[in-house]
Structure formats: structure tokens, C-alpha cells
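Residue numbers (my numbering), protein chains in the order written: chain A, 1 to 409; chain B, 1 to 408.
Straight-line Cα separation of at most 30 Å, DSSO-like style, residue types lysine-lysine; simulated pairs:
#  : chain 1 : residue 1 : chain 2 : residue 2
1  : B       : Lys241    : A       : Lys221
2  : B       : Lys156    : A       : Lys221
3  : B       : Lys217    : A       : Lys51
4  : B       : Lys256    : A       : Lys51
5  : A       : Lys271    : A       : Lys156
6  : A       : Lys2      : B       : Lys111
7  : B       : Lys217    : B       : Lys277
8  : B       : Lys277    : A       : Lys51
9  : A       : Lys156    : B       : Lys156
10 : A       : Lys271    : A       : Lys241
11 : B       : Lys2      : B       : Lys87
12 : A       : Lys156    : B       : Lys277
13 : B       : Lys221    : A       : Lys156
14 : A       : Lys221    : B       : Lys51
15 : B       : Lys221    : A       : Lys51
16 : B       : Lys73     : B       : Lys384
Not the full set, but computed from the structure, chain B residues with beta-carbon under 7 Å of chain A:
#  : residue
17 : Tyr49
18 : Phe139
19 : Ala143
20 : Ser149
21 : Met150
22 : Ile151
23 : His184
24 : His193
25 : Glu195
26 : His204
27 : Ser227
28 : Gly236
29 : Arg310
30 : Pro348
31 : Phe354
Since the hints were derived computationally from the structure, they do not count as laboratory data. Even glycine gets a Cβ: it sits at the ideal position worked out from N, Cα and C.
Residue strings, one per chain:
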Amino acid sequence: MKHILDGYRVLDITQFLAGPAATRIMAEMGAEVIKIEFPGGDPSRRLPYLKDGRSGYYVQQNRGKKAVCLDPKSPEGLEILKALIAKCDVFIENFAPGAIGRMGLGWDVVRAINPNIVMCSISAFGQTGPLSHLSGFDNIGQAYAGVTGMIGDADKAPAFAMLALGDIGTGVHAAAAIGYALLHRERGHGGQYIDVSLLDSYFHHHESNVQAWSISEGAVKPNRAGAHHYSVAPGGNFRGKEMWIVVLPILNMWPRFCEVIGRPDLIVNPKFIDNTNRAINQAELVPIIEGWLQAQESDAEAIRILEENRIPVAPILSVEQACRHPHLIERETVRWIEDRALGRLQVPGMPLRFSAFPGHLDLVAPFLGEHNAAVLGEYLGYSNERIAALQARGVLASEPIPAQAAAAE
Amino acid sequence: MKHILEGIRVLDITQFLAGPAATRMLVEMGAEVIKVEFPGGDPSRLFPYLKDGRSAYYVQQNRGKKAICLDPKSPEGLEILKSLIAKCDIFVENFAPGAVTRLGLGYDAVKAINPNIIMCSISAFGQTGPLSSLPGFDFIGQAYAGVTSMIGEPGKTPVLPQLALGDIGTGVHAATAIGFALFHRERGHGGQHVEVSLLDSYFHHHDANVQVWSLSKGAIKPTRTGSHSYATAPLGIFQGKEIPILLMPLLNMWPKFCRVIGRPDLIDDPRFNESGKRGQNRNDLIPIVEGWLQAQESDEEAIRILEENRLPVAPILSVEQACQHPHLIERETVRWIEDRALGRFLAPGMPLRFSAFPGHLDLVAPFLGEHNSAVLSEYLGYSKERIAALHARGILASEPIPAHAAAQ
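So here's chain B without its partners, still in its complex pose:
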């Protein structure tokens, strides 16, 4: 057995990021994922980094999938999709709510074809509610979830995290829901429709802000406070000798921290002798902490001293530094993948580690329409002539596979 989802077939008509990330995780666990693209292909094929027209962005999310490209608005294209629904265990889509129904593939139609299938819909705002009809991307959901407002300097324009915290997170939420729905089906309870949204997923991450606002009856209005937490201190990003350093000696670590930085007098200082007071008086505390950091021999030495005393500390690494860190390399948190066109490059590794399947599967990203013939003939019994005719009429499409890639 190659992995947990061996023998599970997924029909994937998602594009961009959240959907493809969910099915990427399924493929890493051995599922057979049939990625359906529409003419022109998944728009993420145009996202950087691009080399000779091949997108590493696309490759990272779509390794191991079988790619077919068809026109869903043609009767023949729709028939292919319906026939594949009959043969699959999971059907994932991330169009704007209603779009898949207009295509003729709403859950009612899908269930009628295959009552045992698990359909997963991923959207920005969810399938219902006043915002559901709006188009959305990662940062749109982030803004409506009250997340963006919590990142940046107070009174200034919030900053934009330069990575897809929401889309990948939503993909993980979707993969989670699909896993438990599969488990439910395995126990004999049939298929169902699972729904995940960017907004729900982002909002899910509020550990403190929502309950604090609610329980204080609005007296506490959570807002962004720059590089430091509003709730307690020291908790934030401090300027070291050369690099910014994150420090969080919380709760019962405070007295130890004071001793380590040679300021035992601060332990009982009335400005700092409680967690909440340290938060309120953080502007008095920050220069003290930064003074100690900058007085050390080096940032490494400051970090070493704090680590030795089991005080949570971290250098703020750039992406470049993280990718070169021995810990991330050893664990394949960052790992090499190989593409037939792009060659070898680094991407984040599979974050779920199962003792029963310690290795990686060998997964290769497809070219547009690469598996049109294989999928239609093997799964649906289409003849070569019929496939060729669909190609000729533009119902199926594909891109040429570059010679050096085909040679492999």
C-alpha cells in the first residue's frame, strides 16, 4: 500500500490556491486526483515564478495530479464531468457559490449521480449569507475576518502578510473536513456535502480577540499594536544588535527573564509585576529589553543565553535564511521537488507526518491536458477516435509538452 488514500479517486475542478492545496494534500496521501481545467487552464499557471512559460506556483500545488482540459459548457464536456463524478469518491470545487450549480453540477445533481460521493465546496464567504455572491481572494477574506486589522501599526495602514496564510489554511481545513467525511463514509454512512470558506477559516484563528471583546462587553477593542502585543509584555519583536528578535517570556517566565537580563529589580516593579500591567507599560519595558539585547556580544549570543534559560526566543529569519536552516532542511520542512520543465527547486514539504508512511511519494506536476486520453480511455472507455474528435472540436484542449520534458 503506497499511502492512506490509495484507491481513492478525486475529481478536482478547483483553481488558484485553496482548492489545489487541499487536493495536493490528498495526492501526498496517495489519492488519485483528476484535475479538470477549463480552456486556458488554471489561472495559477500564469503566476510567478515563471520560466519559459512554466509556473513554479502551479507546479508546487499540482504535483501528482492527472490533468484534463475540457470545455464544461459543451454538452460533451459536461457529460465527461458527470461520468467522472460517477467514478470518483470525492468531488472538490472552489468556484463562486452558485457557479457549479449553473454548470449543472450542484450537490443535488452530483448526489443523484453518485450518492456515495463526498462533495467539497470551497469559497471566499461560504455558500450562504449576504456576502456569498462576492468574488474573493485570500486578503479579501482576511479583511472581513478582522484579521488584517490586527496586523500593523496602530492608526496606520495595516500591513499585508506576504504569503497565503488564508488560502493554504483554508485548503487544510478542507482536507480535514474531507478526511472526516471519508471516515464517516467508511463506517457505512454514505456521502455528503462539506463546505469550507476562507472567511470561516481565517476567523477561526482568533484565539483571544473575539472572546475578549465579547466578554468585556466591548470595553476591550482589539486592534493592531505594531511589533508588540497589546495584552502583555515582553511579547513581540525587539531590535537586537543586527537583526530583529522575537521574545516571549510569558506568565511564570517573567522572574527568570528579569534575572537573566540582570534586572531582578523589575520583578516586583509595580509597573511590571503583573502580566496585564506589563502590557500596559510595555513602552517602558521595550527599551530595557532592547538595551540588554544590543549589549550582548552578538545576536547569536543573546539568543543562546535565552535558550539556555528556556526562555522562548527566535531570530526573525528571512525566507532565504529559513530555506537554508539545517533544521528545516533535515526535516524536509523545505524540500526539493522536481519538475520536468523547471528542474529541481525548493518548496514546503508535507506537514502531516504519518509513522506508517514515512517517505514522500514521487509526484510530478502535469502539463495542461496531459492526461486527457489516459483519463477518458481508462476511466470512461472512450476510444482514441472519439477523443481525437473532441480535441479537434475544441472540447478537449492541451498544451504541447516541451521536448526536454517529454524526453524524461
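The following block holds chain A by itself, in its conformation from the complex:
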């Protein structure tokens, strides 16, 4: 058995990021993922980094998938999709709500074809509600979830978080839901439909803001507060000698921290006597802490002293520094993958670690339509002639596989 989802087939008509991330996690767990692309391909094939027309962005999310490219608006294309639904365990899509129904592949139709299938729809706002019809990407859901509003300086425009916290997070939420639905099915309860959204997933991360606003009856109005936490202090990003350092000497760590920085007087200072007072007066604490950090021999030494005293501390690493950090490398949090066109590149590793399957599967990202013939031939019994005819009529499409990539196989 190669991994948990060995023998499980996923029909994947998702594009961009949240959907492909969900099915990437499943491919990492051994599922056979058939990625359907429409003519022109998943738009993420055009997102950087691009080298000779091949996208590192696409490769990162689509390794290990079999790629079929077809026109879903042709009767033959739709017939292929329906025939594949009959042969798959999971069907996943991330179009705007309603689009999949107009295509003729809504849950009622899918369930009629295969009552045992788990169907998952991923969207920006969910399948219902007044915003559901709007188009959306990661940062759109973030803005509506009240998340963007919590990132940045209080009196300035919010900062734009430069990574896909929402799309990848939504993909993980979708993978979780699919896993539990598969368990439910395995226990004899049949298939079902799952609705996961970017907005729900983003909003799910509010551990304090929603309840604090609600219980205080609006007296607490959570807002972005720059580099430091608005309610737990001291805690945030401080300027060290050369770099920025996050320090979180919160709650019962505060007295120890004061001793370590040589300011035991702060422990009994009424302005800092408890978390509430420290939060109110934290503007006074920031220069004290930054002063101590900058007075140390080096940032590394300041961090070492705090670590030695079990005060939570971290250097704020750039992406480049993180990718070179021995801890991330040793654990393959950042790992090398290989693409037939791009060669070797680094990407984030699989974040779910199973003792029963400690290694990585050998997964290769497909070219557009690369598995048209294999999928239609093996799963649906289409003859070579029939496949060639569909290809000639533009119902199926594919891109040429570069010579060096074909040779790499």
C-alpha cells in the first residue's frame, strides 16, 4: 500500500489555488487525481515563476495529478465528465456557485450518477447567501472576513499579506471535510455534498476578536494595531540590533522576562502589573524592550539569552532565510521537488506527517492534456481512434511536451 488514499480516485475540475491545494494534499496521500482543465488550461499555468512557458506556481500545486484537457460545453466533453464521475470516489470543483449546475454537473445530477461519491464545492463566499454570486479570490474573502482590517498600522491602510493564507487554508479545510466524508462513507453511510468557502475558513481564525467584541457588547472594537498585539502584552515584533525579532513574554513569563532584561522594577510597576495594564501601557514597554535588544552583543546573542530562559522569541526570517534554515531543511518543511521542464526547485513540504507513511511519494506535475489518452483509454475504454477524433475536433486538447522533458522520463 503506497499511502492512505491508495486506490481512491478523485475527479478534480478546480483551478488556481484552493481546490488544487486540496487535491495536492490528497495526491500526497496516494490518491489518483484526475485534473480536468478546460481549453487554455488552468489559469495558474500563467502565474509566475515562469520559465519557457512553464509555471513554478502550477507545478507546486499539481504534482502527481493526471491531466485531461477537454471542452465541457461540447456534448462529448460533458459525457466524458459524467462517465468519470461514475468511476470516481471524490468530485471537487471551485467555480463560482451555480456554474457547475449550469454545466450540468450540480450535486443532484452527480448524486444520480454516483450516489456513493463525495462531492466538494469550494467557493469564495459559499453556495448560499447574498454574496455567493460574487467573484472572489483569497484577499477578497480576507477583506470580508474582517481579517485584512486586523493587519497593519491602526491609522493607515491595512497591509497586504504577501502569501495565500486563505487559499491554502481553505484547501486544507476542504481536504479535512473530504477525509471525514470518506470515513463516513467507509462506515457504510454513502456519499454527500460538502460546501467549503474562503470566507468561512478565514473567519474561522478569529480566536479572540469575535467573542471579545460580542461579549463586551461592542465596547471592545478589535482593530489592527501595527507590530504589537492589541490585547496581550508585551507581544509583537521588535527592532533588534540588525533585524526584527518577535518576543512574547506573556502572562506568567512576564516576571522572568523582567529579571532577564535586568528590569525587575517593572514587575511591581503598577503600569505593568497585569496583562490588562501592560496592554494599555505597551507603548512605554516597546522602547524598553527594543533598548535591551539593541544593547546586546548581537541579535543572535539576544535570542540565545531569551531562549535559554524559555521566553518565546524568534528572529523574523525572510523567505530566503527560512528556506536556508537547517531546521526547515532537515524536516523538509522546505523540500526539493523535480519538474521535467523546470528542473529541481524548492517548495513547501507536506505538512501532515503520518508514522505509517514516513516518506514522500514520487509525484510529477503534468503537461496540459498529457493524460487524455491514458485516462479515457484505461478508465472509460475509449479506443485510440475515438480519442484521436475528439482531439481533432477540439473536444480534447493538449500542449506539446518539450523534448528535454520527454527525455527526462
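Could you slot chain B onto chain A? The hints should help.
Using the frame of chain A, we list chain B on its own:
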């Protein structure tokens, strides 16, 4: 059947956030979660918002769990934990690596007691590697993952997102791993140890930064660039008439966007005629976009025009505005929960929506040690006298349940 995990028992010795969030999701799916707290209780019981000593922070993450409070360092406390491991399907812990082994509950010991159990360890840096021994919270993992460095103005101190993107995300990663491990066990392959870390989970979210740095051989050094993306434009947060507005007319939406804002001349402007060039020349483009936004009748009207043209746009809502938005309310993205001490309040809803189980389970957060007797007698057959003796000796502990809460 009440939900997917009906009949599944979880022994949960996690505290703070990532672990409790994972088991909260399991409880929302019908699992029976026995939350073990040590004397003093989960430290999150001290986190705001606090009212009469009751923490809404704790309530939000621990609804529906059965709470027992014991001293794990006493032989009797450890024996209770081992007996519960024998009776549970899942065992979740989020102590610093090694701590659970020192307690006598490492995976080897757990497996020997119950080979069919799924043990999940959640930590800041993972169970192995040079950083594994360090204490860590959300923002610590965020900093080491290169995430913090991507948020804020270039050259200035990065900003701190004021919510637990990492801890909740790690909890979701853990719940995902547990689900697939349960599925694996259901197919007859036994238990296993699954491991999730804050650092792995945070790093997992780099969709572009890692591969771009790697493939460009370091020529592109991803860094924070304030309110706008470095990669393309318009992609970021623009000042509208009154509120900041997020706009992202990407790739093939650019010509349409130019026409909508009445500037078709920009489509082929050599500064802007490619996605990457628009990113490089974004400082020329931002005032044009903000000028159009501010010239509209209102921010609502600007947003309406863009929406009508299917251009991705959003008002930047405050938490307060999000909680009052009809869409979030209708879908129970924000929902009311009820606590016996705190009363009714709003919290984020369950983000996984299953057609087979469309409703919410009725889940109530426990007081410290509330289920000591119920759990020890029902699951382990302890007599009332034995439980009372353990209480008297401080091996079990509990807090009084307030009169108005007990009355319910």
C-alpha cells in the same frame, strides 16, 4: 446518528489553541472529547474576554468537551490517563516535544496500551530538528516560516496580524491528519502517530514566495511591500472615499478594468501592458486607481460598479462590520453560542459543511473538572468513594459551578 464521529472517543490533553481547535472540530462532528486539564486548568481559561472569571476565549474552543482535571505527575493521575488511552480512539497532545514522553505517555507507551489508537502530536517546530526543543506560540512559528517578513511596509517593522492564523490553521491541519488516519484505521490498517507543527503549517501557505525564490536562483527575494503586491498590480488595498478597498483585477481582467474606470488608454500603455510590468510600475498606477475610487459618488457605488463588471473587489471590513454582515449571519459564518456563565455571544461557526449533517450540535463548554466523576465512573468504573478520595488528596481538582449556571 448525530454526526460523522458519533461513537469516536478522543483523549485531549491539549491547551491554549491549536490542539483545542483541532478537537473542537472533532466535537462539532460528534466525537466524544475528554479534555484533560492539569491543576490550574488550561491557561487559556485566563485569556480575555473575561467576565466573572469565565473566559470566552476558552469557551469558544472547548464547547462540547467533557472536562477532567488531574495531576499527571501522581501515580494515580497517570494511571487514569493510561486507562483512558485504552478506551479511546484518538489521543491528542500539544506539549513541547519530549514532555509527553517524560510524562510516560510517548507514542511507544501509548501504542503498547492501545495499538489501534491514533495519537496526534502538535507542536511549534515539530518533534525533530534543531529548533524542536524551543517553546513556541503562533507568532514564533510565523516568524520562522518567513511569513511575518511578508507582512508590512518594506524597511519597517513587520506588522502583527491580530488573529490566530497559525494556531487555528495548525488545528485544521491536525484535524485533517486525524481524519485521514481514522479513515486508514477504518479500512483495517490500525493506529499510527500523526504529527503536525505550527511551522510546517505556516510555511505550507507560501504559494509563490518559495518557488519564485528557488527558481530565480535567489534573484527574486520576496519581501513585504506594504499594502500592495510586489508581483503585479493592481493587487492590493486602495484608499477609497472613506474606507480602504481591496482590488484585484488580475491577468485577463486588466483591459476590462481600464474601460470601467474610463482609462482605455492604459491597456496598451507600455508601463502597464503586462502583468509583471504593472507590478514594477505600481506606484504610477495606484494614484490613478485611487483617483477613480475617490471620484465616485460613494465607496458603495464604486464597489457596485466593479462588482457589476465582475471585477474582484471588497470593502475592508472591521471585525464589527463582518459580524454584522447579512451574508455572514445568514450562513452562520458568525453564529451565536451559549455558555452557562457568559450567556449568549458570537463566535465563528463550523467551517466544514456536510450535506448529511446540516445542523449544529448543541455543545456546552465545561467548567474545570466538571466531568471528573462522570468520566471516571462511566469509562473506568471508579467508585464514588475512590473518586472522592482522589479529590481529597488533590489528584483530582475542580472549580465550583456558579449557581446561575448550575440552575440551567
